[in-house]
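> Full structure from sequences and hints, please.
Residue numbers (my numbering), protein chains in the order written: chain A, 1 to 299; chain B, 1 to 317.
Don't read these hints as lab results, they were simulated from the structure.
Quick caveat: nothing in here was measured; it's all calculated off a predicted structure.
Accuracy of the hints is not assured; some may be wrong.
Selected chain A positions facing chain B (Cβ under 8 Å, derived; list incomplete) [claimed, not checked]: (1) 37; (2) 116; (3) 129; (4) 135; (5) 249; (6) 253.
C-beta atoms are modelled at their ideal positions from N, C-alpha and C, and glycine is treated no differently.
Okay, here's what each chain looks like letter by letter:
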Amino acid sequence: MAVDTGAALVADRNRRRRQRQRYVMRRHIGDVVRYLTIIVSLVIILFPIYWMVLSTFQPEKYELTWPPPLFFKGFDLSALREAFTQNPIGLWLGHSFLVSAIAVVVTTIFAIPGAFLLSRLRWRGAAIFGFCLLFTQMMPGAIIIVPEIQIYRTLGLENNLYALSLIYAAFTTPLGCWVLKASYDAVPGEVFDASLVDGCTPLQSLIHILVPLSRPGLTAVAIVAFFGAWNDYLFASAFISDRSLFTEGEGLASFITAGNTALYALIGAGAVFAVIPIILFLAVQRHVVSGLTAGAVKG
Amino acid sequence: MSISILRRRRNEIQARPGSGGWSRRFPLAYRLLIPIALFEGLFVLFPIIRGITMAFQFTRGGITYWVGLANFADMLHDPTFWGSIRVTFEFALCMIVIWLMFGVLLALLMNWSFKGRGLVRALLAIPWAIPDVPIVLTFVIMLDPNVGVINLFASWIPGVHHQIPWLSSPKLAFFAIVIMAGWKGLPFYALILLASLQSIPSELYEAARVDGAKAWGRFRAVTVPGLTPTAALLVILAFIFAIQQFSMIYLTTGGGPGFDTATISVLIYLQAFEFFNYNYAAALAVAGLVMSVAGTTLFVVLDRTVLRRQYFEGRTA
Numbered sequence: 001m002a003v004d005t006g007a008a009l010v011a012d013r014n015r016r017r018r019q020r021q022r023y024v025m026r027r028h029i030g031d032v033v034r035y036l037t038i039i040v041s042l043v044i045i046l047f048p049i050y051w052m053v054l055s056t057f058q059p060e061k062y063e064l065t066w067p068p069p070l071f072f073k074g075f076d077l078s079a080l081r082e083a084f085t086q087n088p089i090g091l092w093l094g095h096s097f098l099v100s101a102i103a104v105v106v107t108t109i110f111a112i113p114g115a116f117l118l119s120r121l122r123w124r125g126a127a128i129f130g131f132c133l134l135f136t137q138m139m140p141g142a143i144i145i146v147p148e149i150q151i152y153r154t155l156g157l158e159n160n161l162y163a164l165s166l167i168y169a170a171f172t173t174p175l176g177c178w179v180l181k182a183s184y185d186a187v188p189g190e191v192f193d194a195s196l197v198d199g200c201t202p203l204q205s206l207i208h209i210l211v212p213l214s215r216p217g218l219t220a221v222a223i224v225a226f227f228g229a230w231n232d233y234l235f236a237s238a239f240i241s242d243r244s245l246f247t248e249g250e251g252l253a254s255f256i257t258a259g260n261t262a263l264y265a266l267i268g269a270g271a272v273f274a275v276i277p278i279i280l281f282l283a284v285q286r287h288v289v290s291g292l293t294a295g296a297v298k299g
Numbered sequence: 001m002s003i004s005i006l007r008r009r010r011n012e013i014q015a016r017p018g019s020g021g022w023s024r025r026f027p028l029a030y031r032l033l034i035p036i037a038l039f040e041g042l043f044v045l046f047p048i049i050r051g052i053t054m055a056f057q058f059t060r061g062g063i064t065y066w067v068g069l070a071n072f073a074d075m076l077h078d079p080t081f082w083g084s085i086r087v088t089f090e091f092a093l094c095m096i097v098i099w100l101m102f103g104v105l106l107a108l109l110m111n112w113s114f115k116g117r118g119l120v121r122a123l124l125a126i127p128w129a130i131p132d133v134p135i136v137l138t139f140v141i142m143l144d145p146n147v148g149v150i151n152l153f154a155s156w157i158p159g160v161h162h163q164i165p166w167l168s169s170p171k172l173a174f175f176a177i178v179i180m181a182g183w184k185g186l187p188f189y190a191l192i193l194l195a196s197l198q199s200i201p202s203e204l205y206e207a208a209r210v211d212g213a214k215a216w217g218r219f220r221a222v223t224v225p226g227l228t229p230t231a232a233l234l235v236i237l238a239f240i241f242a243i244q245q246f247s248m249i250y251l252t253t254g255g256g257p258g259f260d261t262a263t264i265s266v267l268i269y270l271q272a273f274e275f276f277n278y279n280y281a282a283a284l285a286v287a288g289l290v291m292s293v294a295g296t297t298l299f300v301v302l303d304r305t306v307l308r309r310q311y312f313e314g315r316t317a
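Here it is, written out as structure tokens:
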């Protein structure tokens, strides 16, 4: 009897151990599958970026060969140097910086009161204002390009980088308002009310309480405006026809549309153009991604 | 005491009493509204109105005639217009499928806690930060029929001849654009879906586990309903993004071959800046305007009814 009980206990223990082993193994396999999926998706998603970098530094004699080498065969800066010396790419980059910086400043100036109108103020017409902002943000640039170019021609504002950057600001201000609104909303209502009790006017509360407390939101607004201006090709191509005033995007695109330059020679300039927003994004992404996504779905 | 002050101060937000007629008649909201309304009115609203009037006009030799609905009549008889509508919708549909399917997959991946998750999340978001022009440069190089790396991968598939003419065949050109635009937009969708995923209360998963639901069952019973409202908004957003997309399509294919990859945005641009039919382009733009107003309205209605979120109701705190 005692022996039987002992045997049953041992059998039971063994069965439980096997179960646990199977469970651990299944979890182990799950982990492996999980990590594999992550690695595979990383490789697929980052491959075009890898190819951009590879094409920039690959020595010229490997650029037009079949099969294309998948890895670095050397490290050659001459194509990049040539792209920068033969074309005014530095100048175009400077123009891109100029229009993006102005767009950032103007967007921020308009988004600070605009978001306040959406967030803390109760007023008649708020719903209409919200819809108009939303519509401006959702509107394709192409539907406004024809009348806009005619207005700019009449005013003599063609080939004017400052006028161009104001259009960018007009197109990014709505999204900026929604992003910043989410940030204002996140400030506890008590803080805002306390400032009113202490004698601030609503405008003073906005300037002294809400704006300083929504610094991540402001960063997100700046990023949105910078990317909007930096990324644009449509408006630049319509408004800027003078080659010495091109932005980097339009300058590079002009080689694509002309179709008579080997794109391999330009990929380095393209990579430099792309790496600036990437660095900017990676530097701030920890702080702004949540604000960006929140504002983007709402707006 | 303080409550009454608070109430009075709050009322001042609507209209500040006592400090003269000007601020009574123009409460803070309107004073703040004027600059932004002027700015947007000048750069967006006025051109829209000007564009609508242009659609009813015709200009030849410096003289402008009112032609009524003639431009629209042309448009309705123009096969390239209907073609562009079809391409726009097909493009939007592909974007929706790619972004939602792979977006959910990526969001699930990034929702797992593992070492280096922050780094992976940042790396996966990079395509979103890259401007369109370098993306086009890179993809055109990768898609080169003679020496492109995509054709190298394709040639590994048994029976595939390696010189696939990606950008000169209509179907393949469309496919290439879908991949390109899908690749760039995916991180944005994944991040939004991830935020939505993280807002699902973990108790629901626990409850499902207690009820004996396996992983797939929990996904169907908890994750899918939790993501549906966001996904519904993202569907409309994808449709709007598809109408907006211009530079990638134009720079990769120029809307070609023929007009086979011309969405409504691309067609407007081609009519205006390659064929110089400004008034006809304005009429096409009105069609685009109708589509984007419809999309925005649908977005707001869905947002307020299905989600019962109140973005426009003033303060929520």
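> Compare the structure with each hint and give your call.
Each hint tested on the structure:
1. 37: 6 Å, holds
2. 116: 6 Å, holds
3. 129: Nearest chain B Cβ about 7 Å off; hint holds.
4. 135: 5 Å, holds
5. 249: 5 Å, holds
6. 253: 5 Å, holds
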